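Given chain A, work out where chain B should sit, using these hints.
There are 2 protein chains.
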Amino acid sequence: MSLEYRSEFRIVTGQSVRLADRAPAYTGHDLRREDSENVKRAAVEQIDRLQYLLYAAAESSLLIVLQGMDAAGKDGVIRHLFTGLNPQGTRVHSFKQPTQVELAHDFLWRVHAQVPAQGEVAIFNRSHYEDVLVARVHRLAPEAKLTSRFDAINRFEHLLAENGTRILKFFLHISPQEQLERFRKRIEDPLRNWKISESDYSERENWPEYVKAYEDVLERTSTEWGPWFVIPSNHKWFRDLAISKIIAEEMESLQLHIPPPRVDLDDIRRKYHQTVNEERSIERETGL
Amino acid sequence: MSLEYRSEFRIVTGQSVRLADRAPAYTGHDLRREDSENVKRAAVEQIDRLQYLLYAAAESSLLIVLQGMDAAGKDGVIRHLFTGLNPQGTRVHSFKQPTQVELAHDFLWRVHAQVPAQGEVAIFNRSHYEDVLVARVHRLAPEAKLTSRFDAINRFEHLLAENGTRILKFFLHISPQEQLERFRKRIEDPLRNWKISESDYSERENWPEYVKAYEDVLERTSTEWGPWFVIPSNHKWFRDLAISKIIAEEMESLQLHIPPPRVDLDDIRRKYHQTVNEERSIERETGL
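Line by line, the protein sequences give chains A and B.
Under numbering that gives the first Met the number 0, the first sequence is numbered contiguously, ending at residue 287.
Under numbering that gives the first Met the number 0, the second sequence is numbered contiguously, ending at residue 287.
Watch out, some of these pointers could steer you wrong.
Heads up, the list lumps identical chains together, so a pair's fine if it works in one copy or across two of them.
In silico DSS-like links for lysine-lysine, alpha-carbon gap of 30 angstroms or less [said to hold, decoys possible]:
(1) K194 with K270
(2) K235 with K211
(3) K270 with K95
(4) K235 with K144
(5) K184 with K144
(6) K235 with K184
(7) K270 with K235
(8) K95 with K184
(9) K184 with K270
(10) K211 with K270
(11) K95 with K144
(12) K211 with K144
(13) K270 with K144
(14) K194 with K144
For the record, the hints were derived by calculation from the structure and aren't laboratory data.
Just so you know, these numbers come straight off a predicted model, no measurement behind them.
Chain A extracted, bound-state conformation:
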């Protein structure tokens, strides 16, 4: 079962993608919701353990990209899966509307500044992919420029991968009906209705254009060094389960180990005993 999630949801390089063929309400075939909780928890613990090794070794890094329509669950994934990670070595970056300064640079400038250092896990809540999604749907740049961005993205991610960054990109796939249902819940939940914006509804009208734009992204930027996974996300429990399993398996495949001591342990043991003895003689002399 271990390999299923990775292979089942991964977009093979060069494969053509029709999101309509992938059911957002899919929940796998062998695990029921009530049994999934333990599997997910074990995967999160595995990620936590491996994050310690990643941090200790400080030779490679992990970049997780989360994309999806409004209310697809990007914040929820971060809350449910990454709250268990040591914040020392884990960093979330949310990409908002670009600022004037950011717009005055190439579209990867602000992204490059946020990539993980060796030893780190970085989680992108939205990412450079907005620049080939929103920008495309709203025609913010000429088509030729947008097309050249796909090449730029692939080369950029290749550079990161060559420097030891494992890149995992997740598209959280929900149906329009599920989105509407989540909007309804937000209206009625006093803890969450501060999140509602007018644009939720206006962006929704562009759903078919977003689907097309996402299909293009998935087809053209799922590479060996930066694979896309399309995660059925109508059911939050299955979404969290699939993502946690994929991350755990990918991290396991990095074959991380605690690095050897940077010092000669015998030498350090001698230093330790010497220090202890010196303090004893000080204690004797001074009566402290």
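Structure of chain B alone, referenced to chain A:
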């Protein structure tokens, strides 16, 4: 009991400080270790709940500064207390030896770049205080320059506080014997002996100079807007308990609330129903 930790460990502005008068092995007077776990867990949950409000309101921020001798437990506090926080909105920054570029700027330059934005919690593992500690003990700058840094720090933190940042600074107070014991454990623990460096032992020789430097820091930079707390840290369980209680109480005092919706909810409800009806009629028309 609620106010005890804050008042018990806070350095009053202008107070003279002798660390020798403060027992690093102190464990309070009313709570035993086995009972402390629940209190600490409740405090961490409270911090987590309040962090959501801080993030939602996005009007104020929290800056936590952790300082202490080697092996005092800075990493441990981060691991034990802040792993429960949503990483979206929580950021840890570890200040290492300054780089060449950083050294070519004033000492607050690299620090200013890392302060929390409104809505964020930032945790500093070491901080600008290294520049009046290490720099002092190793005489890296003339005394007059070091003295002027105290003023610079107080003004800098005042600026942050005026912009809505609540600053809490913790000195993790351990005894030299406890440090030595922790060094011993590190030597024998294969999961942690990669952390050992030669400088652990050489820096230890400067313990009395560090104590003096810390006393100066505590006396001169514990302000109303940036108070220092001296936390007895020989016992990890008490250290975590005291820090979590102080943070929870301070955050509670910010009187955070979920912000009101940015939209007219009735209007949004109408939009919602309109959207639902339109989709129904499309379904009827198209038979989808």
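Hints, verified against the model:
| no. | hint | verdict |
| --- | --- | --- |
| 1 | K194 with K270 | between (58 angstroms within a copy, 16 angstroms between copies) |
| 2 | K235 with K211 | within (24 angstroms within a copy, 55 angstroms between copies) |
| 3 | K270 with K95 | between (52 angstroms within a copy, 25 angstroms between copies) |
| 4 | K235 with K144 | neither (36 angstroms within a copy, 56 angstroms between copies) |
| 5 | K184 with K144 | neither (39 angstroms within a copy, 58 angstroms between copies) |
| 6 | K235 with K184 | within (14 angstroms within a copy, 43 angstroms between copies) |
| 7 | K270 with K235 | between (54 angstroms within a copy, 25 angstroms between copies) |
| 8 | K95 with K184 | within (24 angstroms within a copy, 45 angstroms between copies) |
| 9 | K184 with K270 | between (63 angstroms within a copy, 14 angstroms between copies) |
| 10 | K211 with K270 | between (65 angstroms within a copy, 25 angstroms between copies) |
| 11 | K95 with K144 | within (21 angstroms within a copy, 41 angstroms between copies) |
| 12 | K211 with K144 | within (17 angstroms within a copy, 61 angstroms between copies) |
| 13 | K270 with K144 | neither (62 angstroms within a copy, 35 angstroms between copies) |
| 14 | K194 with K144 | neither (33 angstroms within a copy, 48 angstroms between copies) |
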